[in-house]
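> These are the residues of each chain, in order.
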Amino acid sequence: MSITEILFAVLTVVALFGAMMVITSRNPIYSVLWLILTFFAISGHYILLNAQFLAIVNIIVYAGAIMVLFLFVIMLMNLNKETEPSRNRWLKMAGVIGGGCLMLVLVAALRDIDIKDNIANVGHGDIGLLKNLGKELFTTYVVPFEISSILFLSAMVGAVVIGKKN
Amino acid sequence: MSNILTLAYLVPLFPLIGFLVNGLLRKQLNKPLIGIIGSGSILASFIVSLLIFLQVKNGASDVITYFNFISVGDFSIPFAFQIDQLSSIFLLIITGVGFLIHVYSTSYMHEEKTEHFGRYFAYLNLFVFSMLLLVMGANYVIMFIGWEGVGLCSYLLIGFWFKKPEYNKAANKAFIMNRIGDLAFLIAIFWIIGKVNSVGYTEVLAAAQATGDAQVFSAFDLTGITILLFIGATGKSAQIPLYTWLPDAMAGPTPVSALIHAATMVTAGIYMIARSNILYTLSPLTLDIITWIGLATALLAATIALKQNDIKKVLAYSTVSQLGYMFLALGTGAYVAAVFHVMTHAFFKALLFLGSGSVIHAMGGEQDIRKMGGLSKHMKVTNFTFLIGCLAIAGIPGLSGFFSKDEILANAFIKSPVIYGIGLFTALLTAFYMFRLYATTFLGKFRGTHEQEHHLHESPAAITIPLIVLAVLSVVGGYVGIPAFIKEGAHSLNSFLSPVVAESNTILGEHHISHSTEWMLAGISTVLIIIVVIFAWTKFSKRPDTEEATGFGKVLADKWYVDELYEKIIVNPLEKLGGFFNRVMETSVIDGLVNGVGRLVNYGSRQLRLIQSGQVGNYVLLMVLSMLLIFAIQFFLRK
Amino acid sequence: MPIIYYIILSIALFSIGIVGVLTRRNAIIIFMCVELMLNAVNLLLVAFSKMHYNAALKDGLVAGADGQLFVFFIMVVAAAEVSVGLAIIVMMYRNIHSVDVNFLNRLKH
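Chains as they are written, first to last, in numbering that gives the first Met the number 0: chain A, 0 to 165; chain B, 0 to 638; chain C, 0 to 108.
What the hints contain is simulated information worked out from the structure, not anything from laboratory work.
Where hints are given, some of them may not hold.
[What the hints assert, rightly or not] Straight line, CA to CA, 27 Å or less: simulated DSS-like cross-link-like pairs of lysine-lysine:
#1 C/Lys-57 - A/Lys-163
#2 B/Lys-312 - B/Lys-26
#3 B/Lys-162 - B/Lys-379
#4 B/Lys-26 - B/Lys-112
#5 B/Lys-168 - B/Lys-567
#6 A/Lys-130 - C/Lys-57
These numbers were taken from a predicted model, which means no experiment stands behind them.
Build the full structure now, drawing on both the sequences and the hints.
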C-alpha cells in the first residue's frame with residue numbers, strides 16, 4: 000500500500016466521520032467545528048489531486064471565512080446550547096432512509112459504467128498550480144470572473160439590506 | 000287526364016297545406032276563412048281521391064316512388080305511395096267522411112276563440128294528412144309515419160280542451176296505450192327488415208309466398224311478425240287488452256270522436272291487416288287469435304255499452320264492439336267483409352257521433368242521457384238521421400249495417416257455429432243498447448231542466464247537412480256489397496277488391512255455404528234483431544232506466560272493472576316501482592354516488608392538503624423522494 | 000486512485016448532507032449541510048479534472064483546468080450565498096427569536 004493510498008484512506012475516513020458528526024452533533028458549535036475538520040480533509044484530497052491552489056483557497060475561504068462567519072452568527076444568537084427540539088421521529092427516520100436510498104440509487108446507477116481504467120493520478124501534474132489556473136482564468140474565463148465580482152457586490156448589498164433594521 | 004295516379008301526392012298535400020296555413024296563421028285569419036281553408040283542403044283531396052278511384056276502378060294500380068327516403072348500404076326505403084283498390088277505398092272514406100266532419104266542425108266549434116278554432120282545424124288537417132300517409136304509403140315505414148302521426152293528432156285533439164286535467168289524462172292514456180301497440184309494430188318492422196331487407200309491401204308479400212329454396216319466412220317468423228303487427232293494431236284499433244283508451248278519448252270535441260275515434264283512425268289496424276293479408280293467411284294461429292280477440296272485444300264492449308249513461312260513452316263502446324266485429328271478420332279470413340264493415344261503419348258511426356254532437360249542442364253541453372228524452376219533438380232532422388244510424392248499426396235489412404254485418408256473421412258461421420252464436424248475440428246486444436240509447440234520448444218525456452228545454456233547438460245547416468248526407472250514405476252504402484244469395488254477382492266491392500286478396504283467397508280456398516243456409520241465417524238474425532229493437536223501444540220510451548244500476552248491471556256500468564284491474568295490475572306496481580326508484584335508487588344510489596364522488600374528492604383533497612404543511616423540511620423530503628423516483632426510473636426501469 | 004473511489008466518496012458526502020438537511024431543524028445546521036453538499040461536488044469536479052488531465056496527457060495535451068476553475072466559481076457563489084443566507088437567518092432570528100425551520104411555515108398560507 001503506497002503512501003498516497005494510505006493518505007487517501009485516512010482523509011476519506013476523516014471526511015466521512017467529520018460529516019457524520021456535523022449532522023449528529025446536538026450543539027451547533029460542534030457541528031461547525033466538525034465541518035471545518037471535514038473541509039480540511041477535503042483540502043487534503045485536493046492536495047493529493049495536485050490542486051494545490053484550490054486546497055489553499057478552500058481552507059482560506061471555507062474553513063477560514065465562511066465557517067468563522069457561521070461561528071460568529073451562532074455565537075451572536077447565543078445558540079451554543081442544545082436548544083434544538085428534536086424533530087418528529089418518523090420524519091427523521093424518513094429523512095435518513097430517503098438520503099440512504101438516494102445514495103444507494105446513485106451508487107447503483109454506476110454499476111454499468113466502464114470507468115475501471117480511469118485513474119485520477121495522484122502526485123503528478125501541474126494543472127492545479129496558481130500560474131496555470133490564473134492564466135486560464137484571466138483568458139478563457141475572464142468574463143465569468145468579472146461577472147462574479149458583480150455577484151459579490153450584489154450579495155454584499157443584499158446582506159446589508161436584509162440585515163438592516165426596518 | 001292521362002294518368003291521375005301520378006298526381007296522388009296531391010291527396011295528402013292539400014291537408015298538409017291546410018295544416019300549415021291554419022296552424023301558422025291562426026291568429027291572423029278569421030273564423031270563416033279558417034273554416035274554408037280547413038274544409039276546402041279536404042274537399043280538394045276528396046276530388047283528387049275520387050278521380051283516383053275512378054282510374055283504379057278501370058283497373059289501374061301502381062306504386063309511385065317520389066324519392067329515396069332512407070338509404071343505408073344496399074337497404075333503402077323509398078318514399079312511395081301505393082295506389083290500388085284497397086287504398087283508394089280508404090282514401091274515399093277518409094277524405095269523404097273527413098270533409099263532412101270538417102263542415103260540421105265549422106258550426107260545432109264556432110264558440111271557440113279564433114286561435115283555438117284555427118288550432119282545431121290545423122290538428123284536424125294534420126290528422127287527415129297523417130291518415131292519408133298511413134293509407135297511401137307503399138311500405139311499412141311510411142305507414143308507420145302516418146301511424147304515429149294519427150296517434151299524435153289523436154292525443155292533441157283528445158286534449159284539445161287542455162285546461163281540464165282529466166281531459167289531459169285521457170289524452171295521455173290514449174297516447175300511452177297506443178305507444179304500447181306502436182312498440183310491437185316497430186319490432187315487427189325490424190323483424191321484417193331483418194328477414195327481407197325491404198319494407199315495401201310488394202317485396203314483403205312476395206317474400207312471404209316464396210316457398211322451397213327461396214323461402215324467407217319460417218312459420219315462426221310469420222307467426223311472430225303477424226302477432227306483433229296485430230298487437231300494434233290492438234293499440235290503434237282499441238281491441239282487448241288495449242281498448243280502454245277509446246272510451247276515455249271521448250273527452251275530445253264530438254266531431255273529433257266522429258272522425259278519429261269512430262270513422263278513420265281506429266280502422267288503421269284493420270287496414271294494416273287487410274294490407275298484409277297474405278302474411279296473416281299464411282299463419283293460421285294468428286288468425287285464430289285475431290278471431291277470438293275480436294269476438295271477445297265485441298262481446299265485452301257490447302255488454303258494457305248496455306249500462307252506460309253518457310251518450311258518447313255508449314257510442315264509444317259500440318265503436319269498440321264494431322271494431323271487434325271487423326277483427327272477427329279478419330280472423331275468419333274475410334278481409335273484404337272487414338273492409339266493407341269499415342266503410343259502412345264509417346258512415347253510420349260518424350252519423351251517430353255527429354248526431355250525438357248535435358244533441359249535446361242543443362242540450363248546452365249535457366251528455367247524460369238520463370237528463371234527456373223527448374228530443375224528437377224539438378230536433379226533427381237530428382232525430383230522423385239518428386234513427387237511421389241506429390237502424391243501420393242494429394242491422395235492419397235494407398240499411399248498410401245489415402249487409403256488412405250479415406257478411407261477417409256468415410263467414411263466422413263457416414268458421415264455427417259457436418263463433419256465429421256469440422257474434423249474433425253481440426249483434427242483438429248492439430241493437431238493444433242502440434235503441435235503449437235512442438229511446439232514452441229522443442222518446443218519452445223531457446227530463447232536463449226547464450232552462451234546457453227552453454233552449455232546445457234544431458242545429459244549423461252546417462250540422463244538419465252532413466247528417467243528412469251521412470244518413471243517405473248509411474242507407475245506400477250497403478248496396479255495393481249485396482250478398483250472393485240475394486243477387487248473384489252484385490257484390491261489387493268483392494269484385495273490386497279481389498286483386499288485393501286474390502292470393503289469400505286461393506290459399507284459404509272458397510268455402511261457400513248454400514244459399515238456403517244463408518237465407519236462414521239472415522232471416523234468424525233479422526227476426527231476432529227486430530224483436531229486440533221493438534222490446535228496447537217500448538221498454539225505454541215508456542220507462543227509461545234513470546236509476547243507478549245495481550247488481551250485475553253495476554258491474555257492466557263500471558266497465559267490468561277493467562280500468563281498475565289495469566290500475567291494480569300494471570299502473571300500481573309500476574308506480575310502486577317508480578316510487579321505489581325515486582326514493583331508494585334516486586336518493587341513495589344515484590345521489591349517493593354523485594355526492595359520494597364529491598365527498599371523496601373533498602375528503603381526499605383535505606387529506607392531500609396536509610402535505611402542504613408549509614414546512615421546508617417536508618418539501619425537501621418530498622423533493623428527495625421524487626428525485627429518487629426519477630433516478631430509479633431512469634436507471635432501472637428504462638431497460 | 001481509480002476515479003470510482005472519488006465518486007463514491009462524493010456520493011457519500013452528498014448523501015450525508017442530504018440526510019442532514021432532512022433531519023435537522025436548525026436553519027444554520029441545514030445551511031452547513033448545504034455547504035457540505037457543495038464541497039462534495041467540488042471534490043468530484045477536482046477528481047474529474049485530474050482524470051481528464053491524465054487522459055489528455057497520453058496524447059501530449061494539457062487539459063483539466065476547466066474543472067478546477069468551476070470549483071473556483073462554485074466557491075465564489077457559495078461565499079456570496081453564505082453572506083446572503085446568514086443575513087436572512089439573522090433577520091429571521093431577530094423576528095421570531097428562533098432558527099427552527101418548523102416555525103417558517105408561511106408557505107402554507
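> Regarding the pair A/Lys-130 and C/Lys-57, is the alpha-carbon distance no greater than 27 Å?
Given that 27 Å is the threshold and the Cα spacing comes to 22 Å, the pair holds.
> Hey, B/Lys-312 versus B/Lys-26, does the alpha-carbon distance stay inside 27 Å?
With a Cα-Cα distance of about 34 Å, the restraint between B/Lys-312 and B/Lys-26 is violated, given a limit of 27 Å.
> Is the straight-line distance between the alpha-carbon of B/Lys-26 and that of B/Lys-112 27 Å or less?
10 Å, holds
> Hey, C/Lys-57 versus A/Lys-163, does the alpha-carbon distance stay inside 27 Å?
Violated - the C-alpha atoms of A/Lys-163 and C/Lys-57 are around 56 Å apart, more than 27 Å.
> Does the alpha-carbon distance linking B/Lys-168 and B/Lys-567 stay inside the 27 Å limit?
Holds, at about 17 Å.
> Taking 27 Å as the top limit, are the C-alpha atoms of B/Lys-162 and B/Lys-379 close enough?
34 Å, violated
In this structure, the hints that do not hold are numbers 1, 2 and 3, in rising order.
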